[in-house]
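**Q** Here's the letter readout for the chains.
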Amino acid sequence: MAPRLPDPGPPGISARLIELGEALRSEGVAVGTSELLDAFAALEEVPWTKPDVVREALAATLAKSPEDRRVFELVFERFFFRAAEAAAVRAGIKEGAVGTEAGGSGEGEPAPGDRDIDLDALRRQIAEALREGDESAMRDLARLAIAAFGRQGTGSGVVGVDVQRIRRQLGLRSEPQPDLPPEDPRRDGLPRDALRRFEQILRRELERGQIERTEQLPASRPLNELDRALPTGPLQDLAAVHRVVAQLRRRLATQGMEARGRRRHAHVDVRRTMRASLQTGGVPVDLRFRPRRPRRPELFVLCDVSTSVTSASVFFLSVLHALHDTFRKMRSFVFIERISEVTDVFERERDFEAVSQAISRDAGVADISGYTDYGRVWSEFRDAVADELHPRATVIVLGDARTNGRDPRADVFGEIASLAGRTFWLNPEPRLYWNYGDSVIAVYEQHCEAFECWTTTQLEDFVKALTKPMTV
Amino acid sequence: MAATPTSVDQVREGLQSVGYLPGESTALVAYLATRLGKPVLVEGPAGVGKTELAKALARYLDRRLVRLQCYEGLDEAKALYEWNYRKQLLRIQAEAADTGWDRVQDDIFGEEFLLERPLMTAIASPEPVVLLIDEIDKTDQEFEAMLLEVLSDFQISIPELGPVAAKTTPVVLLTSNNSRELTEALKRRCLYLWLDYPSVEQELEIVRLHTPDLSEQVARKLVEVVHMVRELDLKKPPSIAESIDWARALLLLGADDIDERLFRETMSVIVKHRTDLDIVAERVGVRLGPGPASGVGTQAA
Chain R
21 MAPRLPDPGP
31 PGISARLIEL
41 GEALRSEGVA
51 VGTSELLDAF
61 AALEEVPWTK
71 PDVVREALAA
81 TLAKSPEDRR
91 VFELVFERFF
101 FRAAEAAAVR
111 AGIKEGAVGT
121 EAGGSGEGEP
131 APGDRDIDLD
141 ALRRQIAEAL
151 REGDESAMRD
161 LARLAIAAFG
171 RQGTGSGVVG
181 VDVQRIRRQL
191 GLRSEPQPDL
201 PPEDPRRDGL
211 PRDALRRFEQ
221 ILRRELERGQ
231 IERTEQLPAS
241 RPLNELDRAL
251 PTGPLQDLAA
261 VHRVVAQLRR
271 RLATQGMEAR
281 GRRRHAHVDV
291 RRTMRASLQT
301 GGVPVDLRFR
311 PRRPRRPELF
321 VLCDVSTSVT
331 SASVFFLSVL
341 HALHDTFRKM
351 RSFVFIERIS
361 EVTDVFERER
371 DFEAVSQAIS
381 RDAGVADISG
391 YTDYGRVWSE
401 FRDAVADELH
411 PRATVIVLGD
421 ARTNGRDPRA
431 DVFGEIASLA
441 GRTFWLNPEP
451 RLYWNYGDSV
461 IAVYEQHCEA
471 FECWTTTQLE
481 DFVKALTKPM
491 TV
Chain B
2 MAATPTSVDQ
12 VREGLQSVGY
22 LPGESTALVA
32 YLATRLGKPV
42 LVEGPAGVGK
52 TELAKALARY
62 LDRRLVRLQC
72 YEGLDEAKAL
82 YEWNYRKQLL
92 RIQAEAADTG
102 WDRVQDDIFG
112 EEFLLERPLM
122 TAIASPEPVV
132 LLIDEIDKTD
142 QEFEAMLLEV
152 LSDFQISIPE
162 LGPVAAKTTP
172 VVLLTSNNSR
182 ELTEALKRRC
192 LYLWLDYPSV
202 EQELEIVRLH
212 TPDLSEQVAR
222 KLVEVVHMVR
232 ELDLKKPPSI
242 AESIDWARAL
252 LLLGADDIDE
262 RLFRETMSVI
272 VKHRTDLDIV
282 AERVGVRLGP
292 GPASGVGTQA
302 A
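Residue numbers (the numbering used here), protein chains in the order written: chain R, 21 to 492; chain B, 2 to 302.
I should point out that these hints are in silico values taken from the structure, not numbers from a laboratory.
In this text, all values refer to a predicted model and were calculated from it rather than measured experimentally.
Where a beta carbon is used, it is the ideal one built from N, C-alpha and C, also for glycine.
Worth double-checking, as some hints may not be accurate.
To be verified - Going by beta-carbon spacing under 7 Å, a handful of chain R positions derived as facing chain B:
#, residue
1, A59
2, A62
3, E76
4, P86
Use the sequences and the hints to build the structure in full.
**A** Put into structure tokens, the structure is as follows:
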């Protein structure tokens, strides 16, 4: 690390705002120019002196979903903290020189007041501030605490370790501590949010001290997954799957339009015919027809959830989840030995985690041996949906085609495939392993198009392949 | 009442004066909406007062509320405008032969023959209005695309008349229950407001505002119980409106404390699913204790 400061860039808040936009973009928040313009417009309307108001105004214009909002909070904190620190380092400002009140000595030589800090009183004050949720008191006390505890020994130099050590020494816990005297505010436990906030402030102050000592900013790093704390934890990025599936919908909606007969099912649009008839004095000479809207594709998805595909099942479920988000008319099934319809689970729940829990809990997959029985699955599936299959329906199977030595019943599968317009198989195994062991994908491949698919990139390839004209 | 508010605090007080207690960001975004003339996309779980916010804004700004309730299959003719062709036909037949075609044509495509639907009403209104587009997530993406012209330029193009531009800028609120992801294009045109369930203190204030006669103690306990219920994994968590309903019910019953028996008898006000009822009775009812409860003391439950 060269002791070189980052380029300050053009001065002024406009430049900072644009940099903030850049920082947000690098974290995957879609910030367009129009959003930035809105942010500027919004800032003209609010008082500059209130940080909360400014942050809310920026959030309302820049972050357009709960996830974005969470990322925004993190980036905002970090960005302006770094910007302020960078400016301070450039200008050579030290906290000690300003000479704040007791405990303001943050770093360097201990101020004369330091030794007089009454530790128990400090503990109590901090606990009180946490209970009240008093932000500015927390900030002041955090500095005091660092002065009192952090420098007793030597700081470990690792911010996270120091934060935890100070917290432990202060005896701050969210659980009730019944052995403390009744008047101690820590007795009933402290609010978790305030505790987290306090830790954050401690961390900030420690980092600030570090920056002051070394006179340079630590390298900025992108937020990691833990920072973002996305509520859903599939291996693949859920949002990416959703994006790909949205494309899939468009592809499927337009498929096979040219194959349909002209004006086969044209309905006369009375309203428009009457309107057109005005030109001929009310005599309906020119018949108008209802425009033929592309019909929504109907989708049937079968998803293997047996043990042999465990590693891929999270991905499969997120694909299913995304499909349900995009398609209104679809039915989905999960299977191991038998099939079980889970359409209503997805319709009821939007949250991915809730869905996967619901499926593992009460999807009611008849799971006697835990081994997939494709033959049985096909015949049950045929019985369940044969009446609804038609040439515009699409069947997608997510599975590894490992039959565990049972009869693959490719004839039944062929029957299903012939009833449906298109049939696809997404196999989570690398193509190299296909047809080895008990994998029988080859017999199914005669009736459908099979794709290797266990990442979002491959899912994208699959969607691209859909644009190929139908061969039926 | 104020024509356009000049500060965030003014909006907050104004909304409070008409019976809506806004959170910090709600007041701010509402203020920005009136100042910038941008539509606001309000998202959040059902029953946190998204629709109510629009109504309160209309009351506070003293504007008419124009509401477009969205549903699957909603189309232009129901949302924008439609020609009243029956009336047009009658017009033609009444005039019969002696009128020139040009004159008739000019006549029958006048505003007189236009059936205004909510969006058109909001745009064409001489007085500024508050336009509420409710549950936008229920419509198709195609409808969203159609909204773009209305939301960014506040104008509607009618082929026979040309574009109709707004005479005044309406305050537009779109609400969504987040049942589907809205398109980027729509989001880009809006300010974003995420409404969540309020904190205990906030909700207590709301309940007290609507049922001032209920004792403070009962109201606090009620709100704490509602929060406990929301923590559970329910099909439909109780909304703010339901807490108010419950408070009113308790007031009618003259309750001075909430114990297990009373809770079981009245919980159907806040819990509306059979399976939910079982869960709630089991998990919350027991905690309240049979007698005059000593203390609920669980905020972090």
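**Q** State for each hint whether it applies.
**A** Against the structure, the hints:
1. About 10 Å separates the beta-carbon of A59 of chain R from the nearest beta-carbon of chain B, more than 7 Å, and the hint is not met.
2. Hint status for A62 of chain R: holds, given a least beta-carbon distance of 5 Å to chain B, under 7 Å.
3. Proximity of E76 of chain R to chain B holds as hinted, the smallest CB-CB distance being about 5 Å (cut-off 7 Å).
4. Hint status for P86 of chain R: holds, given a least beta-carbon distance of 6 Å to chain B, under 7 Å.
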